[in-house]
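A.B. asks: Here are the chains, one letter per residue:
Protein chains: 2
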Amino acid sequence: MDPRLTLVTLGVADLDRAVRFYEALGWTRSAYASEGIAFFQLGGLVLLLYPRTALAEDVGTAPEGSGFRGFTLAHNTASRAETDAVLAHAQAAGGVLVKPAQEVFWGGYSGYFADPDGTLWEVAWNPGLLPLPDGTVRLPA
Amino acid sequence: MDPRLTLVTLGVADLDRAVRFYEALGWTRSAYASEGIAFFQLGGLVLLLYPRTALAEDVGTAPEGSGFRGFTLAHNTASRAETDAVLAHAQAAGGVLVKPAQEVFWGGYSGYFADPDGTLWEVAWNPGLLPLPDGTVRLPA
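Listed in order, the protein sequences are those of chains A and B.
So the first sequence is numbered by numbering that gives the first Met the number 0: it starts at 0 and just counts up by one.
So the second sequence is numbered by numbering that gives the first Met the number 0: it starts at 0 and just counts up by one.
Simulated from the structure, these hints should not be mistaken for laboratory data.
Any given hint might turn out to be false.
Pairs count within a copy or across copies, as identical chains cannot be separated in the list.
Below, in silico cross-link-like pairs of lysine to any residue (SDA-like), each with a Cα-Cα straight-line distance of 25 Å or less [claimed, not checked]:
1. K98 to A12
2. K98 to R68
3. K98 to A113
4. K98 to V136
5. K98 to A84
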């Protein structure tokens, strides 16, 4: 199995609300397959927004769930200042500041926001894992 | 906010078990920052495995949660046969087949497996979204 993660799909309670949030972040919804689902190209992968009930049905599981969802997404930044700016932007777009940016034990500067469905995004300046010009990150060899 | 998703972190109940599973898929754990956390370079992004309780603590939330987690990850393939092979490989590695591969309404061929912590991976042949040689996917313009 090749080392490849190509899509991240978020189940959302209200597709229009979720699309508005991610568009307000400054991201562009693709015109691809636009009925009842939303696609955003993020570098070399695709973020999908899809109604939570439909996603559960596609998997073949019950849609109910509560509490901590056991995953986070991250947006690595090039500086502490970019971390602060992104967190402020996410709040202005309607996100919830879950953890203010702060110096963290692993040597970076990081905070979290939640999207309207509670998906947790870490916004992290990690001096050992800076985003490259093409938006990717590469672990040191 | 640049369109960038650089890390996906999965909270796991047993780090060693999770690492064994992803290594059995054929993926290579990075030597980067190896104590109590595992990093896998997947194309231009990084998959992290981290104890669920520690991840919740980092966010500042309670670790409890149950039911559908409201997200899926996907591994796009180049063919139906590759989808079948990947699902078989994931089962051999200790994954659970959640949905056998089948023709799906959007014109592809797709199934799901779950990792040892229940994270859902779709393995999908989508003729409109084939992986490129560098492992990325690009939505049609």
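A.B. asks: Are the hints correct? Go through all of them and say.
C.D. replies: Hint by hint, here is what the structure shows:
no., hint, in the structure
1, K98 to A12, "both (23 Å within a copy, 23 Å between copies)"
2, K98 to R68, "both (17 Å within a copy, 21 Å between copies)"
3, K98 to A113, "within (9 Å within a copy, 30 Å between copies)"
4, K98 to V136, "within (23 Å within a copy, 32 Å between copies)"
5, K98 to A84, "within (14 Å within a copy, 42 Å between copies)"
Checked against the numbered hints given earlier, this structure breaks none of them.
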